[in-house]
Each structure stands twice: as C-alpha cells, then as structure tokens.
Amino acid sequence: MSLLYDLYQPGDSWLHRLDPRVKVGLVFCGCSLLLLFRNVWLMLGALACVGFVLWSAGVARERMAWVARMTLPTMAMIAVLWVIFYRGEGRVLFSWWFLEVTASTIAEGLAVALRVGALALLILAWLFTTDQTTLVHSLVALGMPYEWGLTLAMALRYLPTMGNVFGMISDAQQARALDLTKGNPLKRARAYLPITVAMLITALRTAQSLSLALESRALGARRKRTYLHRLHFRRADLLWTIGIVLATAALLWARLVWGFGARPY
Amino acid sequence: MSTSPPCIRVEELFFEYAGDLAALNGVDLEIAENAYVAIVGQNGSGKTTLVKHFIGLLRPSSGRVWVYGRETTSVSVGELARTVGYAFQNPDHQIFCPTTREELAFGPRNLGLGAREVAERTEDALTAFGLLPYADLPPAVLGYGLRRKISIAAVYTMRPRILILDEPTTGLDGRSAHELLALLGGLYAQGHTILLVTHDMRLVAEYARETLVMHEGRVLAYGPTRQVFGLAEELSRAQLIPPQVTRLGEALRPYLRETVLTVPEFCQAFVRAREAGP
Amino acid sequence: MAAISIENLHYAYPPLLPGSQAEPVLRGVDLEVEGGEFLSLMGPTGVGKSTLCLALNGIVPQSMGGVFRGRVQVLGRDTRTTPVSELATQVGMVYQDPESQLFCHRVEDEVAFGPENLGIPRQEIAERVEWALGVVRMWEHRDRSPTQLSGGQKQRVAIAASLAMLPEILVLDEPTASLDPVGQSEVLSVIEALCRERRMTIVMVSHDAEHIARFSDRLAVMYQGRIARVDSPRKVFEDATLLSDACLCVPQVAELSAALNRRCGTAYHFVLLEEAAQALRGALAGRQAAS
Chain D
5 MSLLYDLYQP
15 GDSWLHRLDP
25 RVKVGLVFCG
35 CSLLLLFRNV
45 WLMLGALACV
55 GFVLWSAGVA
65 RERMAWVARM
75 TLPTMAMIAV
85 LWVIFYRGEG
95 RVLFSWWFLE
105 VTASTIAEGL
115 AVALRVGALA
125 LLILAWLFTT
135 DQTTLVHSLV
145 ALGMPYEWGL
155 TLAMALRYLP
165 TMGNVFGMIS
175 DAQQARALDL
185 TKGNPLKRAR
195 AYLPITVAML
205 ITALRTAQSL
215 SLALESRALG
225 ARRKRTYLHR
235 LHFRRADLLW
245 TIGIVLATAA
255 LLWARLVWGF
265 GARPY
Chain X
44 MSTSPPCIRV
54 EELFFEYAGD
64 LAALNGVDLE
74 IAENAYVAIV
84 GQNGSGKTTL
94 VKHFIGLLRP
104 SSGRVWVYGR
114 ETTSVSVGEL
124 ARTVGYAFQN
134 PDHQIFCPTT
144 REELAFGPRN
154 LGLGAREVAE
164 RTEDALTAFG
174 LLPYADLPPA
184 VLGYGLRRKI
194 SIAAVYTMRP
204 RILILDEPTT
214 GLDGRSAHEL
224 LALLGGLYAQ
234 GHTILLVTHD
244 MRLVAEYARE
254 TLVMHEGRVL
264 AYGPTRQVFG
274 LAEELSRAQL
284 IPPQVTRLGE
294 ALRPYLRETV
304 LTVPEFCQAF
314 VRAREAGP
Chain H
5 MAAISIENLH
15 YAYPPLLPGS
25 QAEPVLRGVD
35 LEVEGGEFLS
45 LMGPTGVGKS
55 TLCLALNGIV
65 PQSMGGVFRG
75 RVQVLGRDTR
85 TTPVSELATQ
95 VGMVYQDPES
105 QLFCHRVEDE
115 VAFGPENLGI
125 PRQEIAERVE
135 WALGVVRMWE
145 HRDRSPTQLS
155 GGQKQRVAIA
165 ASLAMLPEIL
175 VLDEPTASLD
185 PVGQSEVLSV
195 IEALCRERRM
205 TIVMVSHDAE
215 HIARFSDRLA
225 VMYQGRIARV
235 DSPRKVFEDA
245 TLLSDACLCV
255 PQVAELSAAL
265 NRRCGTAYHF
275 VLLEEAAQAL
285 RGALAGRQAA
295 S
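For the protein sequence lines, the chains are D, X and H, in the order given. So our numbering is basically just the index in the first sequence, starting at one, shifted up by 4. So our numbering is basically just the index in the second sequence, starting at one, shifted up by 43. So our numbering is basically just the index in the third sequence, starting at one, shifted up by 4.
No wet-lab data here; the hints were simulated from the structure. Cβ coordinates follow ideal geometry from the N, Cα and C atoms, glycine included. Hints may be right or wrong, so weigh each one.
Only pairs whose alpha carbons sit at most 25 Å apart, straight line, appear in this in silico DMTMM-like list of lysine to aspartate or glutamate [said to hold, decoys possible]:
hint: 1; chain 1: D; residue 1: Lys186; chain 2: X; residue 2: Glu145
hint: 2; chain 1: D; residue 1: Lys228; chain 2: H; residue 2: Glu90
hint: 3; chain 1: X; residue 1: Lys95; chain 2: X; residue 2: Glu76
hint: 4; chain 1: D; residue 1: Lys186; chain 2: X; residue 2: Glu160
hint: 5; chain 1: X; residue 1: Lys95; chain 2: D; residue 2: Asp183
hint: 6; chain 1: X; residue 1: Lys95; chain 2: X; residue 2: Glu59
Cβ pair distances, simulated, as ranges [what the hints assert, rightly or not]:
hint: 7; chain 1: X; residue 1: Arg280; chain 2: H; residue 2: Gly123; range: 47 to 53 Å
hint: 8; chain 1: H; residue 1: Ala289; chain 2: X; residue 2: Asn86; range: 37 to 43 Å
hint: 9; chain 1: X; residue 1: Ala225; chain 2: H; residue 2: Arg148; range: 38 to 44 Å
hint: 10; chain 1: D; residue 1: Arg21; chain 2: H; residue 2: Ser24; range: 57 to 63 Å
hint: 11; chain 1: D; residue 1: Arg73; chain 2: X; residue 2: Leu230; range: 46 to 52 Å
hint: 12; chain 1: X; residue 1: Gly266; chain 2: H; residue 2: Arg75; range: 43 to 49 Å
hint: 13; chain 1: X; residue 1: Asn86; chain 2: H; residue 2: Gly123; range: 34 to 40 Å
hint: 14; chain 1: D; residue 1: Ala207; chain 2: X; residue 2: Ser104; range: 30 to 36 Å
hint: 15; chain 1: H; residue 1: Gln228; chain 2: X; residue 2: Asn68; range: 49 to 55 Å
hint: 16; chain 1: X; residue 1: Gly266; chain 2: H; residue 2: Ser24; range: 50 to 56 Å
These stretches of chain D come out as covered by chain X in the derived footprint (C-beta under 8 Å, 3 or more residues) [stated by the list, open to error]:
hint: 17; segment: 164–177
hint: 18; segment: 203–211
Assemble the whole structure, with the sequences as input and the hints as a guide.
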C-alpha cells in the first residue's frame, strides 16, 4: 500500500537523468501513438519495448511484481470481455450460445489488453523515475500555472499523511465499538460513515491551517517566481527530443497515410 | 495492595510494526483493578503501542495480553470496547456527529443498548462533564478544550471499567487540565481503572498513584509514583524531567530526605527539616 | 519606535451562520513590544491568543474578513493596509501543528519556498536556506522528507522556513504544545538563541509557566479579550488574583513561595529553580547552624 503513496524509486539510470520535460513529452507522444494503433503484434512489441525501458531504468523486481499484480488481471479481463461482447468479421472459429468468436475479435481483444498494459507501464516508468518535486516543476516549466502545480504537489505530499489519519480515525472509531465487518456490503459502507466524516473534518482543518502557513510564507507575492532547483537541458536531452519528434512523426505518417498498423492482425 | 486478580496482564510482549520497526521489546506487566497509572516516556518509547494492545487494536507479534482474564487475541475490538475505553490523543479523530448528544450516544448504541439506556447514559455524561449547555451544538465547531472533553465523555458513556487516555491535557490551559484530571479522579474513586499516557510530569505527580516508565520498548520502572520519581537514573535514561518541586527536593538532598511530589508536600517537608536541626 | 504597536484592537470573526451575531474575540487589546524583546503570551484556552498572533502579520483582517477596529503597526507599517505577502518578510509565523505547516517533499524545498515566492535570485536562496537550516541545526537533514522527522525536528524546520524570509520579528503560536520534552527543549533553545544572539523580537504563546519564567523578558496575560497585565514574569506570577481569574499555571516554585510565605511568614518570590534552591539551602543551613 505504501508503494501507491510514493512511486518514486531513487536511482541513476538514463531514464532518471533524462530531463523531466522530455519525459513528459515522451509519455505524451507514447500514449497518443498507443491509442492510434490497433495491430496486436505492434502492441506486443510496444509492451515489450516499455518493459525493456523499465528494466534498463533499474526498477526493482518487487516493483515489477507489484505492477504485474496490478495490471495482469485487468488485462486478462479486458481481453476476455472483448471476445465475449464484440462480433468481428471473417471466419467464425468457435460458436456457443450467443458467443461468436472470430480471429479478428481475438486479435482486437488482445490488442486492447496489451495497449492498456503498455499505457500503464509507460506512465509508471515516468512516475518511478521522477520524484514529485521535479515532476511538478517540469509541468510548470511546460506551462502549467504554478498554483495548479503546487496543488498537485501538496496533494501527493499529503497522501501518506491522510492515509495515516484514516488509520488513526478507523482505530478511534473501532474503539467505540464501531463494527466494520458485519452485514451486507451496503450496511458495511454505511458503517464507514463515522470514519469518512471525521476524515473530511480533519482534512478541512488541515486545509485551513495550510492556507495560513502558505500566506505566512508570501505565496503569490510576485508574478514571477524563482526556483531553487534548476532543470538542466543537456545535449543528450536535445538528442532525445529530436528522436522522439522524428519517431512520432514517422509513425503518425505510417499510420495515417499508409494505414500501417490499423488492422488487428 | 488488593488481592484480586490483575485486570490487565502482559506476558513477554513483543511487537513490530511493518518494516521491522521494533516498538515493544519484551514487556511483562500486571495492572491491578482500580489502579491509577500514569504511563510516561519519550515519543517512540512504546507507550501508545502498549496501550493499543489493551483494547485489541494491535495484536502481539509474540507474547500474550489478558484483559480481565480474557486473552485479547480471542476477542474482537468491539467486545473489548465494553471493558476498555480509549480516548485518543486527537479528539478530532473521533468527532463526527451533528450534535454533542448524538456524539455521546454513538458508543452505547454500538454496544447494542436500548434507547432508554442510551439516553440515560448520555444525560449522565453531559451532566458529569459539564456539557449540558452544548448538548445540541455540533461538537466540530466548539473550542478545543470542549472537544477534548466531549471525546472523553463519548468514551465514558460506554461505562468501561478501564479508561485509557492518550495525552488528554496537551493544549489545555492550567485550570482546564486540572479540572479534567479532577473529573478523572472522581471516576477513579467510583472504581474505574485509569491509565493516563502523558508527558506532563507535574500532573503525574499530583494525580497518578502509580507510574510506569517506558523506554525503547521496555518497562524501565513501574511502581508507586513517589518511588518511581526517586529513581533519578532511570528517569534521566528515559529522558524525563520530574516536576520542579521534586527537583528542588533533590537539590536540597542532605536536608530533605524523602522524594517530594507536590507543593504542599514540599512545604511540610521543608518546615520539618527546618525544625529538625542537624 | 516600538517594533509592534497595538492600539485598542477590537476584532470579531465573520459569523458561522450568515445572519447571526459575530462574537467579538478581541475587545480592546493594547500592547507594545520593543525590538529584540522576548514576550510571552499566556491566557485561558479560547481567549484569542491565536487571533492576536494572526493580527500581527495581517492575516487578520485581510484574509479572514470579520469586523476589525483599532490599529496594529508592525515595524511602522499598518497591518490593515500593507499586503500580507509584504508583512511576511517582516514577521515570521510558526504555528502549533507541525504537520500542517510543512507541505513540501523535502526539508530544503520547504525552507526555500518563502524566498522563491519573493522572486529572490537562486544563489541567494541557496545561501539563505543553508544559513536558516544551520541556525536550527537541521542542515544534515536537508534532503529528507518532513514526514520522516520527529516533532521537534519538524518545528525547527518550520522555524527555518520562516527565518529564510529574514524577518525581524518571529511569532510562535504554542510551538511546543504537541512535542515531547526532548523536542520542547530543542525548539526552545533555538528560539532563545535567536533572541539573544540575533536580536530578533520574539512573541511566543505558551502554557508552560516554567519555560516562560526562564526565557521571557516580559509576560503578557490575556483575559476576556484584553491584555490584563504585561510585566516581567516575576511580577506577573505574584499576582495571585489575576492568575486564578485567568486560569493560569505558575511555575511550581512560585506556587511554593506563596505557600511558604503563608506558612512561615517569609518573603520569598521565586520563579526559577536555581534561586529557590540557593535561598532554601541557605535557610536550612543557617537554621542548622543557629541551632
């Protein structure tokens, strides 16, 4: 559970050192391309590619296992549901009741499932190798208003704190004999009300104290804000940027003009 | 000392938080019924971890804990809540109801008591804690001192035989702190067992009958308050500072022989020493 | 000219429910604080100490609204008209709860936050961060996340974050209330050094009479929305009626002086442990020598 609060894994790989703005571009282009292509072999290749990126970035094995645990069940479910509910063209391979399985639906289902996996891995590759301060800084450098970036950074920073508070409130209410285990799902959901309300009140109080602290440190004093840490754009980052732009352009051309990768298999 | 069996018994208790953070390193303990124990120690010494075992919020990593003869692992938290009341350090972690009255009724309702019994206990708690003027106001908007009282009253309505309070006087001014402890003294006189986790050594000296010193997950000292406050070495190891009068008594050591806990005691001792001569 | 000058300050927060009456919190506060002074503020819970602190950096009334009458001047500037962000460079504020005033991922970023908002050049920010963390002795922890620190360490970082704005006045609202004894002494020694060595003006709200007696130049007691008395701690702790009205605790040795004076007809006025020990030891030794 704690992994969800702080995805960043410190390291010194090429992906860690890549300028965070270039990483944002890479993720944006990668996700766009993944959404455009439909071919199952290409998706498999993309997934393998992103997996390789994660491996070369030195992401720990426990993390990869966690990712697999999170994504594989979803991917399997997507593939199966797609096959059940979509009817494709071409020869029917298998028929039972309302089910009509063709080669194209299988390929499409697999392609969609693999795409979801590749998207997840790409975004996780970004989050595993960028710490939260740098991440927000890069978004602001790319044009996001500072206040939005600060809000995002504070939300990420307070996730583990609020997680702890949830645990403490849950303990406190259970100590008043609140039963969270009995009854049907609806009743159990209602049992969480004392915890939810107390959490909301605590969150509001924290927000108010935070706003006082922010004002006391001159938030909004100047239009132009300076930053202690500078983002460095190196030659390697320039080369990467050029490479990403060229590859994206080429793939877009292939897809839109030649129809490359449009068919499931 | 009473001859009845202890209400809380702890045997070789070890506890580790996830991530190998050893919080309790072997605690053996027996707390008698109708005891008034102050549990003191630095943050991280294991005070809160220990008391959380008494209400079953934590299960031992190894070792056993009995409350009134029942092992805590064999009973649910809800069951233990009938006997052990726990008022948390932050009252805002408990408060959620639209009126004070409902807040106090929450616990007894969870215990499955009838409406008339719940109403009776709620009125009794409102009177005992001086909360009647606020009975129909939302507790969340009241001042901190009142919220503190309400959270303790909300535990009191469950009529637990053992009452655990985690830092009940932080943030309260002098008089409010003394008022609260006087209330607790009243409950103690009625036969409840009080466990007070606190940093305020002055209040410990004035109110607690026994003191338990925790340090690095172990019990460093446990006994009558006067005796424990005289253990200068243990107190300094646990980084605890006795109240001013006690330290003053220590500073006048050759003349004053006993450990002094309160101002009236010091006066007595001083006058006696003055009249005693060499 | 006094560093802080409060004249006939009346303030009421905006009412909770629209249309209902606003409850006045401050009802005619008059107070002057000299530059370089360490002033402590005591009073019963809910009397308005925090509100008074917020009036010193302009948050009351500029951000809070409400009904404000009277005048508050800080280093010659009126807190009603000077923007809060400008006052923030003169008055540093440290609040009670360490958890909700440290909102960055790293200690270093937290301390840099204030100067960054002011548009100060990067090199100077780095210097200020190093200086401020050095003053509170947290430089080795600059890369750590605030969530990993102890209570005392967190409050010290909060103080450093205020110091980085280079204020002349530091206002602390019960900074040690939620800390254990070790944390309390860490934080207090930093505050005391700031006053003594750097001639900062300190205004500290506290309930701990013994700390106040040891460190403050003057003690102001708030009661019923006003400053009931402001004087040296020694004189204030002797005013028994005031203290019982305002529900305050005095250092135990002060309580002891009063008790001994009643019992033995002596004229002791202790506020510190050392002076009590010396005097009483002398009394006992003298008595023994005489008999």
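Going down the list of hints, with the structure as the test:
1. The suggested pairing of D:Lys186 with X:Glu145 holds, with an alpha-carbon distance near 22 Å, which does not exceed 25 Å.
2. A C-alpha spacing of about 15 Å is found between D:Lys228 and H:Glu90, which places the hinted pair at or below 25 Å, so the restraint holds.
3. Between X:Lys95 and X:Glu76, the direct Cα distance comes to roughly 18 Å. Compliance with the 25 Å bound is thereby established for this hinted pair.
4. A distance of roughly 24 Å separates the Cα atoms of D:Lys186 and X:Glu160; the hinted pair therefore holds under the 25 Å criterion.
5. Between X:Lys95 and D:Asp183, the direct Cα distance comes to roughly 17 Å. Compliance with the 25 Å bound is thereby established for this hinted pair.
6. The suggested pairing of X:Lys95 with X:Glu59 holds, with an alpha-carbon distance near 13 Å, which does not exceed 25 Å.
7. Our hint of 47 to 53 Å for X:Arg280 and H:Gly123 holds, since their Cβ atoms are close to 50 Å apart.
8. With their beta carbons about 41 Å apart, H:Ala289 and X:Asn86 fall inside the hinted range of 37 to 43 Å.
9. Between X:Ala225 and H:Arg148 the C-beta distance comes to about 43 Å, which sits within the given range of 38 to 44 Å.
10. A C-beta distance of roughly 59 Å is found between D:Arg21 and H:Ser24, which places it inside the suggested range of 57 to 63 Å.
11. For the pair D:Arg73 and X:Leu230, the beta carbons lie near 50 Å from each other, so the given range of 46 to 52 Å is met.
12. Between X:Gly266 and H:Arg75 the beta carbons are some 58 Å apart, a value that contradicts the proposed interval 43 to 49 Å.
13. Between X:Asn86 and H:Gly123 the C-beta distance comes to about 39 Å, which sits within the given range of 34 to 40 Å.
14. Judged by the Cβ atoms, the range 30 to 36 Å given for D:Ala207 and X:Ser104 holds: they are separated by roughly 32 Å.
15. Separated by about 51 Å at the C-beta atoms, H:Gln228 and X:Asn68 satisfy the suggested range of 49 to 55 Å.
16. Range check, X:Gly266 to H:Ser24: about 54 Å between beta-carbon atoms, so the 50 to 56 Å window is met.
17. Counting residues of the segment 164–177 of chain D whose C-beta sits closer than 8 Å to any C-beta of chain X gives 6, which meets the bar of three, so the coverage hint holds.
18. Coverage of the segment 203–211 of chain D by chain X holds in this model, with 3 residues showing a Cβ closer than 8 Å to a Cβ of that chain against a need of three.
Checked against the numbered hints given earlier, the structure breaks only hint 12 and satisfies all the rest.
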